[in-house]
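Just so you know, the sequences run in chain order A and B.
Residue numbers for the first sequence follow the UniProt record's numbering, so the first one is 1 and each next one is one higher.
Residue numbers for the second sequence follow the UniProt record's numbering, so the first one is 1 and each next one is one higher.
Be a bit skeptical, because a hint or two may be false.
Because identical chains share one entry, a pair is satisfied inside a single copy or across any pair of copies.
Unchecked claim - Taking lysine-lysine pairs in the DSS-like style, the calculated list, with each CA pair at most 30 Å apart, reads: (1) Lys-219 - Lys-454; (2) Lys-454 - Lys-245; (3) Lys-219 - Lys-53; (4) Lys-245 - Lys-219; (5) Lys-456 - Lys-219; (6) Lys-456 - Lys-245; (7) Lys-456 - Lys-53.
Think of the hints as simulated: they come from the structure by calculation, not from any bench.
Protein chains: 2
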Amino acid sequence: MEREEDRVETLLADGTVDHGPDHGEDTPPVDETRHSESLDEEDNTLKPRFIRKVTDALEADDQEQVYNLVEPLHPADIADLFELIDGEYRAPLARAINDLLGSEVMAEMNDWVREDLVDDLEPEEVAELAEQMETDDAVAMIEDLDEEDQQAVLAEMEPEDRAAIESALSFPEESAGRLMSRDFIAVPEHLTVGDLIDYMRESRDLATEFWEVFIVDPKHRPVGTCMLSWILRAPRSVPLADVMKRDQTLIPVAMDQEEVALRFQKYALISAAVVDDAGRLVGQITVDDVVHIIQEEAGEDALLLSGAGEGDINEPLPRTIRTRMWWLFINLGTAILASSVVALFEATITRLVTLAVLMPIVTGMGGNAATQTMTVTVRALATNQLTSSNTWRMIVREWWIASANGWGLGLLMAMTCQVIYQDWMLSFVLLLAMILNSINAGLSGVLIPLGLDKLKIDPAVTSTVFVTTMTDTLGFFFFLGLAEVFALH
Amino acid sequence: MEREEDRVETLLADGTVDHGPDHGEDTPPVDETRHSESLDEEDNTLKPRFIRKVTDALEADDQEQVYNLVEPLHPADIADLFELIDGEYRAPLARAINDLLGSEVMAEMNDWVREDLVDDLEPEEVAELAEQMETDDAVAMIEDLDEEDQQAVLAEMEPEDRAAIESALSFPEESAGRLMSRDFIAVPEHLTVGDLIDYMRESRDLATEFWEVFIVDPKHRPVGTCMLSWILRAPRSVPLADVMKRDQTLIPVAMDQEEVALRFQKYALISAAVVDDAGRLVGQITVDDVVHIIQEEAGEDALLLSGAGEGDINEPLPRTIRTRMWWLFINLGTAILASSVVALFEATITRLVTLAVLMPIVTGMGGNAATQTMTVTVRALATNQLTSSNTWRMIVREWWIASANGWGLGLLMAMTCQVIYQDWMLSFVLLLAMILNSINAGLSGVLIPLGLDKLKIDPAVTSTVFVTTMTDTLGFFFFLGLAEVFALH
């Protein structure tokens, strides 16, 4: 890309080297004093006072003031600023800081906030931003646009950049193909360390930031990787074949990003080669792009289990309401099912209304126990710790936990019940019901996610409904049913 | 260029080249064919068939067979193997593969599994492993040992390694000081690119893997960092001061690992300098160590919210039971509180037992709605997306969601209730109770985590109890209370 060539030019000509700020991933030098005035050092977030200053300046339409306030910020903090201020200030802020709204800022910005912003920009402005960005970041920005705007933006771009982005968009969302950057360094096996260094010194349009060099065979298939630190420390005459690491993790271009993240983590990768179906090197994924995914995918489970969807606090309100209400609606179904079980025993309850008082305890305890087991199972599945090799051990384990909890807490409650109601039969029924429901909870909590996973359904999304149905419905059934059987009144 | 050629000659004279593979972090070359036989390529986990082979060989006490099976595995997969086989096989496996049980394997292994294993090893064996490891990994292994064993192991170590580990252990657990590695490259500002390359070529005992070089002032305070890729591409004559990036994120040695992880993520760092109180460079943290933390910290919330503690499936059973039962015990308290509210209205229920049938719907829906809001709030707090700057916006947002859900689902249920029970008053009470409890749920779900966070209590650990107490207790109270008020019978 243009700016990159320029840089290398100056580098080789008169040795005057820029300090990164004008390109790619780098960050502008920051004047610490002004920095600390804007950033809360403790938790590294922007201070409310600073944000008020910005919004006040925006209110006063004092663009210069706004620019001066924002200028010393790190791009990631500028992105945060856009997320933290209210919606109506975002477009004005973007206009006020114009050239500060660089590619890194857009790359760091929350999807929804960025989408808002991009809608306010002209296609050529978006195209200009996209051209400065690494392919993967550009794709992240453009893939959210609707078909028509996408075309408009792509039309404004340099042919080669457009080609790169179009090919990226041709891969499924959340796949390695969307994630990978096409800027990487690949050299033939026969080079020596010296050749490689000279090649890198001389070539114009190389990636500005890379951590490993890929060595490829004549068919452009990766045969090894070489860490820059090794290249720097080996004598020039050593053949790359001798310093490179042959064992490497290759990422198929269609691999899901969650799987990519797991491999980066498992093998502690800094960068990895992405290969097409023919095994040819087509791109690289670097860890800094994966870090966000690891964080999202890991945090996702909590949100999915709770039915909060993406749980993104910047998501448009109507969309959030739709997601959450739909979930509550489904769970209402399970609640109705549970209460219809109660309805079956109306007669029993009328005879002994205390049953109505105690029944929430049986279902509540079951629900909590099931949630514990379910969450552990879902996490273990998501992190590949739970595989068919140790499934059985996991089930047995949860059975023991459930029994222990059932007996322990069941006895406790039964005694409390006896103290309060002086009714041996009732206390006995409560004990039995709690033991049964605890075991029911433990087994549902582990078997339902496992079953869904086997059926290739994401257990995080669907487990809760089934599990609570089991614990509530059966909970009421055990308790009221036993009460009926033992003719309590 | 000339100068460089000469220098290489001399280097070649006594040139000892390190071919990465024999070194600390590196991974043995893998014979792909045998690899694929052991690994399930789809999800990159060990095949059950392979694991059975290993355990069978262990049963048969055929150590050579075991060794040959395990030998081609990547250290991370060997670590997985230890986690996947049953407890009783672990010590025999360790003995069978002896030298394959290297530092990387131990570093990758689950804490509990490693602890088991370490207990079976002699102090000097542990010391030997620790000496091969990066400081941070060694610390992770040793910090789990009890005081006495720690001393025994440390006593067996080389003075300098011991010193490094003892100083690491002097920092609080989960702090940057424990995480950081003491192997890093720091050079004075006045060097040129050429000087640096020569320095790295000549010095023998440098870290084998590093991605950035730190430039320090005479007081050993970091003044900038330099990516290897820049060094490789700049002419030898350029002073480091001109290629280095002055703006950098410094990690105070006492910073909590969760905060470290957030900064790596926010600023897309590959490595960062760790500084002591005097601002002196004392270590570096690299992203591959942070990746595990990001994953843990992000996944943790789901587990903590469910009261499953660490939710580690390798945790000793008694410990797991204790954690979970304690949580269920506390929640039993809230359940008792809720049911005592029901007890208040026994008379009302006796007059109209249908109330007992419908009441779980009110509390159930409230509980689910609250969980959604609570989870979103906890995640937003954990990821620094929710700060005092946008707290108010968040509360208002949740208020709207809660009202929408309350009205929508309340009306739905009220109509259903009317169809079934033909009782306008009852349906009206149900509607009112569901709206009130939905808003109660929404506000508790956002205010309770926020309040706990303000009190510096981890909202993920404690929110659930308070929130469910609110939704259950008030849920029953709204519904039955209103029924009483409107004299339903």
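We went through each hint and held it up to the structure:
Taking CA atoms no more than 30 Å apart as the test, Lys-219 paired with Lys-454 passes in neither setting, with 38 Å inside one copy and 59 Å between copies. Proximity of Lys-454 and Lys-245 under a CA criterion of 30 Å is satisfied in neither setting, with 36 Å inside one chain copy and 49 Å between copies. Within a single copy, Lys-219 and Lys-53 get their C-alpha atoms no closer than 58 Å, and across copies no closer than 37 Å, so neither meets the 30 Å cut-off. Taking CA atoms no more than 30 Å apart as the test, Lys-245 paired with Lys-219 passes inside one copy only; the shortest distance there is 19 Å, against 37 Å between copies.
Within a single copy, Lys-456 and Lys-219 get their C-alpha atoms no closer than 36 Å, and across copies no closer than 58 Å, so neither meets the 30 Å cut-off. Proximity of Lys-456 to Lys-245 under the C-alpha cut-off of 30 Å is found in neither arrangement, the shortest distances being 35 Å within a copy and 47 Å between copies. In this assembly of identical chains, the alpha carbons of Lys-456 and Lys-53 lie at most 30 Å apart only when taken from different copies (27 Å versus 51 Å within one copy).
In summary, the numbered hints that this structure violates are 1, 2, 3, 5 and 6.
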